[in-house]
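As given, the protein sequences belong to chains A and B, one line each in that order. Following this note's numbering from start to finish, the first sequence increments by one per residue and tops out at 290. Following this note's numbering from start to finish, the second sequence increments by one per residue and tops out at 269.
Hints in this document: simulated from the structure, not taken from any laboratory. Keep in mind that a hint or two might mislead.
Straight-line Cα separation of at most 30 Å, DSS-like style, residue types lysine-lysine; simulated pairs [claimed, not checked]:
| # | chain 1 | residue 1 | chain 2 | residue 2 |
| --- | --- | --- | --- | --- |
| 1 | A | Lys90 | B | Lys182 |
| 2 | A | Lys51 | B | Lys92 |
| 3 | A | Lys96 | B | Lys92 |
| 4 | A | Lys51 | B | Lys33 |
| 5 | B | Lys136 | A | Lys89 |
| 6 | A | Lys51 | B | Lys136 |
| 7 | B | Lys182 | A | Lys51 |
| 8 | B | Lys136 | A | Lys96 |
| 9 | B | Lys136 | A | Lys157 |
| 10 | B | Lys92 | A | Lys135 |
| 11 | A | Lys157 | B | Lys182 |
| 12 | A | Lys90 | B | Lys136 |
| 13 | A | Lys89 | B | Lys92 |
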Amino acid sequence: MINDHFLGFGLGLRIPHFEDVLTTDHNVEWFEILSENFMVDGGKPRYYLEQIAERFPLVMHGVAMSIGSTTPLDMTYLNNLKKLMGDVKPRWISDHLCFTQANDVNSHDLLPLPYTEDAINHVADRIKQVQDHIGQQMLIENVSSYLTYKESGMTEWEFYNEVCQRADCFMLLDINNIYVSARNHQFDANDYLNAIDPKRVRQIHLAGHTDYGDYVIDTHDHDVCDPVWDLYRNAVKRFGAVSTMIERDDDIPAFSVLNKELDIAREIATQEIPDLSQWKQGK
Amino acid sequence: MSNLARLQQQFVAFLQGQPSEFSKLVSKQAPVPTRTRLGIYQNAYHMRLRETIDNDHPVLGAYLGDELYDLLVQKYIELYPSKVKSLRYFCDGIPQLLAEVKPFSAHLILSSLAAFERILLSAFDAKDQNVITIDKLASLPPEQWPVMNLIFHPSVRIFQEQINAVETWQALKGEMKPPAPLKREYPVFWLVWRNQERLTEFRHVSAPEYVLFNHFQQGGDFGSGCELLSEYFNVDDVPVKAVQFLQMWINSGLIVDIPQ
């Protein structure tokens with residue numbers, strides 16, 4: 008099964024790769040930009056973005072919407088986001104199921120929410136407000152977490168499914184984040200995957216992490232590890248061909264090296280969905 | 010206040026090292042102690058902000074040395090918690106902290122050096138706009154010269170120093186020993202802009218060039234700008250000097266329009 012909105016295999020667009028994206032032969036089919044990095048007036052990043060947007064499908068991924076915060080939605084931020092959407096014409100936009108702001112302070116970190124009925128109502132309402140503002144459905148990503156709250160009354164996947172169902176938004180499923188949280192909270196990552204509503208999954212993230220033995224931290228500075236590839240294979244079996252990409256934010260290797268890593272995702276997906284070898288963007 | 014709001018406030022207060030009951034809200038999960046789990050978030054908070062200061066202020070860091078730089082990072086994160094969505098703007102208060110907080114405030118060079126690094130960054134991602142060529146100036150009818158105004162490229166900025174900050178920045182950037190701090194008898198002006206290759210450039214500007222630049226920035230016209238230059242040059246030389254400044258600005262890609 009090939010998802011209707013399947014873009015192929017992509018990468019997170021990073022500054023060291025700007026030139027390579029435009030000037031080298033590669034088979035990266037789409038790119039994800041970090042929205043906040045391009046909320047500037049001009050200069051080199053916007054110059055390259057304009058050229059890359061002309062040649063490749065783009066999606067926008069944010070880290071600062073703070074959809075779970077109890078303070079009012081930041082309308083200046085949402086207006087800037089909408090303006091950037093007008094410039095970039097992304098296939099879709101996404102942000103995280105978390106909060107990043109309280110006490111008028113930005114944490115610049117993706118802080119987990121308690122899995123409660125109140126939090127579901129609160130977040131779903133805010134996602135609906137954002138979707139009304141931008142005029143389209145958005146994607147919400149599961150985050151890695153390192154703690155759980157006493158008041159949580161359900162699993163993360165029950166919470167995630169319910170939020171997306173009530174908000175009628177899509178899911179950006181981060182396979183590495185599922186793995187990291189499964190290790191940190193000792194649940195079976197496949198239980199998570201198997202509980203996710205397949206019709207809501209529109210994008211998949213893959214990434215590396217740092218393994219400290221008893222716990223794992225989502226650092227995006229390593230290659231994707233074998234257990235995450237195994238989990239990705241199971242995700243493809245369950246969700247079909249979903250737009251898949253690798254995120255790398257630290258110790259960023261050469262563009263060609265990331266291309267090779269992306270080929271692993273392509274190969275796994277093609278093994279599970281043979282029709283994919285015939286798929287071409289735009290067909 | 011809702012439980013959710015209370016939890017979020019306690020979490021962020023904990024990250025900032027302020028009094029917080031947050032740990033009481035967290036489940037115990039063997040084998041990793043709660044302290045370790047909380048520490049992951051607190052470390053990430055500090056590391057991300059520190060990396061932002063590292064990226065924005067490498068020259069300031071080199072000048073301060075490890076010990077004072079660590080103190081700056083600690084003070085800045087404590088006294089200037091992030092109020093911005095984008096880390097691009099997180100360090101905007103560093104020049105102010107350096108000017109106001111001991112022991113940094115005793116050294117004027119520090120605030121000025123940081124302010125110069127920030128002005129370079131702000132030119133880097135200023136709005137894009139097409140610049141004019143010298144032909145546009147040449148084609149201007151003579152009667153329009155006196156009332157001519159100039160619109161500068163959005164990346165153009167003036168950096169004013171009271172102490173030898175730019176010279177210090179240049180030495181440190183070149184990995185050479187910086188000069189001793191030297192207070193200027195009169196303010197010294199530097200022009201900062203992003204060139205057509207989208208690289209940030211800067212150069213020293215003389216007093217008359219600054220006066221004319223400032224005049225145009227404030228909407229003044231060419232005729233009255235020439236009158237200001239007569240303070241610096243013989244009256245007969247003024248028009249030539251003024252045109253030389255204009256040519257230099259246009260050739261450097263600083264002008265986007267000549268409205269009349």
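Structure versus earlier hints - violations, ascending order: The structure conflicts with hints 1, 4, 9, 11, although it agrees with all the remaining ones.
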